[in-house]
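**Q** Here is how the chains run, residue by residue.
Number of protein chains: 2
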Amino acid sequence: MRRLVNNPYDVVEEMLEGYTKAFPNHVKLLEEDGRVVVSVKAPVKDKVGIIIGGGSGHEPLFLGYVGEGFADAAVIGNINTSPSPEPCYNAVKAVDAGKGCLYMYGNYAGDVMNFDMGAEMAADDGIRVETVLITDDVYSSENISDRRGVAGDFFVFKAAAAKAAMGADLDEVKTAAIKANDNTRSMGVALSSSTLPVTGKTIFEMEDGDMEVGMGIHGEPGVKRTKLAPADEVVDEIMKYVIADLPFEAGDEVAVLVNSLGATPLMDLHICFRKAAQVLEEKGIKIYQSFIGPYATSMDMAGMSITLMKLDDELKELVDYPCDAPYCVIK
Amino acid sequence: MRRLVNNPYDVVEEMLEGYTKAFPNHVKLLEEDGRVVVSVKAPVKDKVGIIIGGGSGHEPLFLGYVGEGFADAAVIGNINTSPSPEPCYNAVKAVDAGKGCLYMYGNYAGDVMNFDMGAEMAADDGIRVETVLITDDVYSSENISDRRGVAGDFFVFKAAAAKAAMGADLDEVKTAAIKANDNTRSMGVALSSSTLPVTGKTIFEMEDGDMEVGMGIHGEPGVKRTKLAPADEVVDEIMKYVIADLPFEAGDEVAVLVNSLGATPLMDLHICFRKAAQVLEEKGIKIYQSFIGPYATSMDMAGMSITLMKLDDELKELVDYPCDAPYCVIK
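Protein chains in written order, with UniProt numbering: chain A, 1 to 331; chain B, 1 to 331.
Hint data in this document are derived by calculation from the structure and do not stem from the laboratory. Predicted model only: the values in this text are computed from it and were never measured. Treat the hints with caution; some may be incorrect.
If several chains are the same, the list does not tell them apart, and a pair holds so long as it fits within one copy or across any two.
[As the list claims (entries may be wrong)] In the SDA-like style, the derived pairs of lysine to any residue whose C-alpha atoms are separated by at most 20 Å in a straight line are:
no., residue 1, residue 2
1, Lys-316, Glu-249
2, Lys-21, Gln-278
3, Lys-224, Met-1
4, Lys-201, Ala-244
5, Lys-331, Phe-291
6, Lys-240, Pro-221
7, Lys-28, Glu-317
8, Lys-286, Pro-230
9, Lys-41, Ile-330
10, Lys-331, Tyr-321
11, Lys-28, Asp-171
12, Lys-28, Glu-281
13, Lys-227, Val-198
14, Lys-331, Ile-203
15, Lys-286, Asp-182
16, Lys-240, Asp-208
17, Lys-331, Asp-320
18, Lys-331, Asn-25
19, Lys-201, Asp-125
20, Lys-21, Glu-253
21, Lys-283, Asp-324
22, Lys-21, Gly-200
23, Lys-331, Glu-68
24, Lys-331, Val-319
25, Lys-21, Tyr-288
26, Lys-316, Thr-202
27, Lys-224, Glu-207
Assemble the whole structure, with the sequences as input and the hints as a guide.
**A** In C-alpha cells:
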C-alpha cells in the first residue's frame, strides 16, 4: 500500500478533522453530527439550502465544494458508501433558512435511499427538500435516468448553487439543476484501481499497461479492457461517446472538465485537454470555460475523465458566478 | 506505465499547448519561444517582472502560477531538466516593463547556470535582472544556501509576486523574496517513484510498502528508507526536522502547505494536515493560513511534503494578496 493513513477505520473522521481545521474560515463540522460539513456562513438568509454528498474517497468531491456561492453543506459517507439518513436530515436542519433545501448527489441506490429518508424526516418538520440526481456517466446505462453520477457532479452543483446564491426559490433552483444535468455528459478511463485503506489492497485488479474506457469511479465495468493506448486515441474514443450522446453539435458552446481520477498528473491532463480541444474545434463546438485537475477522484486511482456541459446564457452565468470554497474559488 | 501521453518526446510541447488552450484568458505561449508561458496581462505597467521556472514534471509548478498578482512568466524545461538560456532571456524581454525583473526558482545547478546566462543576455540589453534561489528543503544540506528548492517555491513566489503587484521596486521585491525564503522550510516523504514517459519506467526503485523521508522531488536521497509507517508517525518525523531547523517557536504564526507529490490523494493529505496542526498547537505555533493539495509534484510520485513559512505582518499581507492564476486563485 502506498497510502498515508493511521487506523484505516478512522480515515473519514481524521480526514474531516484535518479538513475543517485547515479551512476554519470556510467550513466547520456540525457539532451534533460529525459527518456533516457546513459552511460557516450557513444558514444564509433568504437562500435555498444547497446540500451535496455521498461516499468518501472522491475528494475534493464533496467536502471541498462547501462555501460561499457553492454548497451550504456536504454529507459525508464512508469510503464508497452512502451517508446514513440522520446526517442527511441534520444537514437540512443546519442550513435551511426557510426557503427549503435541494439535495444533489450522484445517482447511486444507497445514496437515493438514505437521502430520501433524510428528506422524509425533514418533511415531518415542515421543511421542504427537493432532490436532483446527477446522471452524467454516458456509458453506465442506455436509460439516462439510470445512469451514475461522476465528475459532472461538479458542474451541476456549481450551477444550482449559483442559482440559489442569486436568490432563486427552490423550484427555480431545482429547475436549474435539472437543466445543468440534462446538458452534462462524462466518460472516463481507468489505468489502475484505487487502494482501500482497510484491506491495504486495490478494489479490483488491473495490470500495469492495461486500461478500461468507461469504467465508473468505484470500478464499475466500462466499454472494454485493452492495452494502454496513446492519450490522443483514448481522448478520441471518450469524446466520440460523450459528443454523440447529447448530442453536442456545431455551434454549441461548452464548459469542459478534464478530471484526474487521482494519480494521473496535470501533465497528462493537459495533453488530454489538447486533444479534446482539437476534437471540439473540428466539430465546430466552442469552449467557453475549462477546468483541469482532480475534481472528482477515486483516491489513488490512475485515470482521467472528460465532462462537457452545453451552455446557454443562463448556464454561462451560473458557471461564472463567484464562489469561495476551499477547493473551488471563482472570482 | 500508467500514464496518458502520446510520443514521449512531445510531452512538454503538448502539455503547453493544452494548458494555454485551456486558459486563454490567463496565459499564452510566447510566439517566438514555445517554452515561455506568459500572462496575457504582461508586461504590466510600472511593475517589476516576476519570472519563475524550471524543469517540467512538477505541475502545477511552474506554469500554473502565471497570472494577475502572481508570476508574469514561467520558463519551462524538459522533465526534471532546466530550461536553456534563450527562453530565460526571452521571458525577460516579454515581461519587463522598465522596472527590471526577478528570476525565482529552486536551487539546482542546471537552473542556476541557464538562468544566469539569461540574465547576462538581458543585461546586454540594459535590463536589470535579479535572482532569488529557493532553498527550503531542510534535509538537502546542512548549509542553507546549498539546499534545494521544493514546495516552498510556492510561498516564495507568492510573496514576491504580491510585493511586485503592490508596486514595489526591484530591490524591495528581491528583499521580500529573500525574506520569504529565509522563513520557509519543507520536508517530504516519498512512497513511490515517478514514471518517465520516455522509458515507460520509474526513475528509481521503491518497493510497495517502503517510504523514504526527506527524499527530494527528483528522487534525491533522504534520511532513510524504511517500511511505511502510520501517517501520524510520518508527519511527526517531518515536523521534527522542519520545526527545529528555522527554528519555529511558540508564539510564531505560520502558513502551512501540505503538498501531494502527485499520486497521494486529498484524503491522506487531510489526515496528515490534522497531525501537523496538532503538533503546531502543542508547540504554541499558530496557523494563519493553510494550503492543501498538489502544489509542487513529481508527476505520479506517491508522497507528501509539509512546508511552513513563518509570517510577520508583511508576509501575511503578501500571502493574502489577491491573485488569479489558473492553479491559484485568492480573492
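**Q** At most 20 Å between CA atoms: does that hold for Lys-331 and Phe-291 within a copy, between copies, both, or neither?
**A** Close inside one copy (14 Å) and across copies (18 Å); limit 20 Å.
**Q** Under a CA distance limit of 20 Å, which applies to Lys-240 and Asp-208: within one copy, between copies, both, or neither?
**A** Neither: 25 Å inside a copy, 37 Å across copies.
**Q** Pop the pair Lys-283 and Asp-324 into one bin, within, between, both or neither, using alpha-carbon distances up to 20 Å.
**A** Neither. Shortest intra-copy (34 Å) and inter-copy (31 Å) distances fail the 20 Å Cα cut-off.
**Q** At 20 Å max between alpha carbons, let me know whether Lys-316 reaches Glu-249 within a copy, between copies, both or neither.
**A** within (17 Å within a copy, 49 Å between copies)
**Q** With identical chains treated as interchangeable, where does the CA-CA distance between Lys-331 and Ile-203 reach 20 Å or less: within a copy, between copies, both, or neither?
**A** For Lys-331 and Ile-203, the Cα distance exceeds 20 Å both inside one copy (38 Å) and across copies (39 Å).
**Q** Given a CA cutoff of 20 Å, do Lys-316 and Thr-202 count as a within-copy pair, a between-copy pair, both, or neither?
**A** Result: close neither inside a copy nor across copies, 39 Å intra and 42 Å inter.
**Q** Quick one: Lys-331 to Glu-68, C-alpha cut-off 20 Å, is that within a copy, between copies, both, or neither?
**A** both (12 Å within a copy, 12 Å between copies)
**Q** At most 20 Å between CA atoms: does that hold for Lys-331 and Tyr-321 within a copy, between copies, both, or neither?
**A** both (8 Å within a copy, 14 Å between copies)
**Q** What label fits Lys-331 with Asn-25 when the C-alpha limit is 20 Å: within, between, both, or neither?
**A** Classified as both: same-chain Cα gap 17 Å, cross-chain 13 Å, threshold 20 Å.
**Q** Please work out whether the CA atoms of Lys-21 and Tyr-288 approach to 20 Å or closer within one copy, between two copies, in both situations, or in neither?
**A** Between copies only: 11 Å across chains, 35 Å inside a chain, cut-off 20 Å.
**Q** Up to 20 Å between alpha-carbons, please classify Lys-224 paired with Met-1: within, between, both or neither.
**A** Answer is between; shortest inter-copy Cα gap is 19 Å, intra-copy 27 Å.
**Q** First find the shortest C-alpha distance between Lys-331 and Asp-320 inside one copy, then the shortest across copies, and answer within, between, both or neither for a cut-off of 20 Å.
**A** Cα proximity of Lys-331 and Asp-320: in one copy and across copies (8 Å, 15 Å).
Hints 4, 7, 8, 11, 14, 16, 19, 21, 22, 26 from the earlier list are contradicted by this structure; the remaining hints agree with it.
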